[in-house]
Amino acid sequence: MKHIIVYLFIVAGLTAGCSPYVGDLATKACNEATPASASSTRDSARQILDDLVNQGVPGAVLSIQTPNEAWSVAQGLAKVEDKTPMALCHLQYLQSISKTYLAVCLLKLYEENKIDLDAPMTRYLPEKYSRYIDKPSTITIRMLMNHTSGIPEYNSIPTYITTLLQHPEHDFTPEDYLKYIGGKSLDFAPASKYSYRNTNYVVLALIVDAITGDHARYMQEVIFTPLGLTNTFYRNDPHYLDYPGLVNAYWDRYSDGLLENVSLLQRNNVRALIGDDGIVTTPAEALAFLKGLMQGKLLKPSTLDLMKSWANDSKGNPTYGLGLDYGKFQGHTGYGHSGGGLGAGCQLYYFPEKDTYMFVAINLGTVTESPLHKQTTVALEKLYKLMLD
Amino acid sequence: MKHLAQGLALCFCFALSARGQSDSPRTYQDFPIIVTLQFHAFAVPFHDLKSNFKNVGIGLGTEVSYTGNQKFVQQLSVVWYRNRTIGNGLLFYTQPVWRPGIGDNFYGELKAGIGYLLASRPSPALKQTHGEWKTAGHRGKGMLTLPIGISAGYNVQGSGQALVSPFVSYQLLVVSGYNKSVPVVPETLVQVGSRVHF
Chain W
13 MKHIIVYLFI VAGLTAGCSP YVGDLATKAC NEATPASASS TRDSARQILD
63 DLVNQGVPGA VLSIQTPNEA WSVAQGLAKV EDKTPMALCH LQYLQSISKT
113 YLAVCLLKLY EENKIDLDAP MTRYLPEKYS RYIDKPSTIT IRMLMNHTSG
163 IPEYNSIPTY ITTLLQHPEH DFTPEDYLKY IGGKSLDFAP ASKYSYRNTN
213 YVVLALIVDA ITGDHARYMQ EVIFTPLGLT NTFYRNDPHY LDYPGLVNAY
263 WDRYSDGLLE NVSLLQRNNV RALIGDDGIV TTPAEALAFL KGLMQGKLLK
313 PSTLDLMKSW ANDSKGNPTY GLGLDYGKFQ GHTGYGHSGG GLGAGCQLYY
363 FPEKDTYMFV AINLGTVTES PLHKQTTVAL EKLYKLMLD
Chain S
107 MKHLAQGLAL CFCFALSARG QSDSPRTYQD FPIIVTLQFH AFAVPFHDLK
157 SNFKNVGIGL GTEVSYTGNQ KFVQQLSVVW YRNRTIGNGL LFYTQPVWRP
207 GIGDNFYGEL KAGIGYLLAS RPSPALKQTH GEWKTAGHRG KGMLTLPIGI
257 SAGYNVQGSG QALVSPFVSY QLLVVSGYNK SVPVVPETLV QVGSRVHF
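From first to last, the protein sequence lines stand for chains W and S. With positions in the first sequence counted from 1, the corresponding number in the numbering used here is that position plus 12. With positions in the second sequence counted from 1, the corresponding number in the numbering used here is that position plus 106.
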């Protein structure tokens, strides 16, 4: 028995001596890039964000542009541990808003007659990727773009989730994501219904790669450079998510209101994602992108109309175009996209009836439920009411 | 770390086996000590076995027979494991075990039961109170767990005072209530150890 106890102590000692897990990353304090203009609406918005961060959300940013005013506010902390204040010059994770950027790339290729939206994806997607997809020749580019393809979701596969969480530093390849759905049947017949799937945009990124050689470089050429977006980054550098201006990311793992710094996990996860996620930017440049898109600086008017050809949800209501989400906010129509990840959440919308653009982001994960999200929902409702009523 | 853990596991079993072969034979008795090395992973069953051997833990347990022999017993165990990226865990569980013999001295096990996992966080939790952020340590969550396992072992019929049965087990832990969006998660344990009937 003595020997047993000795062995147990040896094992316990060895395991307890291993290095602890460090989830946070450096975030540098930065000065506000854009001087804020005085506005009573802005003061009200600042108060809403202040309430939000006082109820447990680490940090929040908001950027608004109406026909009469343009302003931004930042509240809370970009990094809690060293009390780095959230600032407008900090980079925010756009998460799934990245899909709208990729859709613009595809529509630029369409304008250049390099892609047919109604052609089967197998015309462009190399066989090394299409072999993982069921009946790939029945799925068109348009079906991928408006989420009517029926391709299964990779990021709800248990093996993917457990690998991601157990191995925060694992480098997934695009092919890895497709392997998770390899051998699975389509969830529904192509074009028979709408159902949002991240996998569609992974496939689309690979298609743009096949046509242009590098979808990230093409995005730089057709979006970032024309719009002068110098603080928007996507795969421009293997270390683009190590830039010190990027906010730290927090996750309520157990849905109990306690947060963990998951910046390392968030960074590595986002770094591996292609097409469906991956862009980081400042609030001002997020607005500049949507404004550039809606004002015709990126696409022809007829192509923008195509982007707004909506697929309907199960109730017959318009819900998603070609990389563009259709939403109703306080009774007002909005075009744009939302994004959510383990350590961040955001919304970017244009409200045509008010000619108003709005970007809001928090460095709290929204992909799993948290009691803190109730405050976020309340804050968003107040912001929409403030801006749109 | 992986090789170290495997080496320790082997030494551990050999040491226990050697101890059991020194004196006169004993038959099955209730309340043996079950000592184990544990290898944990946040993984679906039979995937990512490499991870198991990176996350080492220890376990202690005992059992009592329903039938007076080792064919059908109830086990009670406590396991502590270290998992750097998911968070450490302390698991209490009990399982009825069916243990059919397979040839001379070898046996298999099928077991399923219920347990409670106290899982901590990999990095300190943060909470805001009255406008100030404070750390709440690695405090985690208690979760109901269903452990389901298979084992293979060997009854050492040597001349020892203690009957020793080294074994290896693979357990799936169905952990409930991980969070509100993912209510059930799979975890696995590879267990290498021995029952020692004094």
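The hints are simulated quantities; they were obtained by calculation from the structure and are not laboratory data. Just to be clear, a hint being listed does not mean it is correct.
In silico contact screen, one side only, chain S against chain W (beta carbon under 8 Å); selected entries [as the list claims (entries may be wrong)]:
hint, residue
1, A149
2, P151
3, F152
4, H153
5, P206
6, S226
7, S282
Note that this is a predicted model, so its numbers are computed, not measured. Ideal Cβ placement from N, Cα and C applies to all residues, glycine included.
Hint-by-hint comparison with the structure:
A least Cβ separation of about 5 Å between A149 of chain S and chain W falls short of the 8 Å threshold, and the interface hint therefore holds. Here the hint on P151 of chain S is broken, as its CB sits about 10 Å from the closest CB of chain W, past 8 Å. Evaluation of the F152 of chain S hint against chain W yields a violated restraint, the C-beta minimum of about 11 Å exceeding 8 Å. About 6 Å separates the beta-carbon of H153 of chain S from the nearest beta-carbon of chain W, less than 8 Å, and the hint is met.
Proximity of P206 of chain S to chain W is violated relative to the hint, the smallest CB-CB distance being about 27 Å (cut-off 8 Å). The interface hint given for S226 of chain S is broken, as the beta carbon of that residue sits about 10 Å from the closest beta carbon of chain W, more than 8 Å. For S282 of chain S, the shortest C-beta to C-beta distance to chain W is roughly 12 Å, which exceeds 8 Å, and the interface hint is violated.
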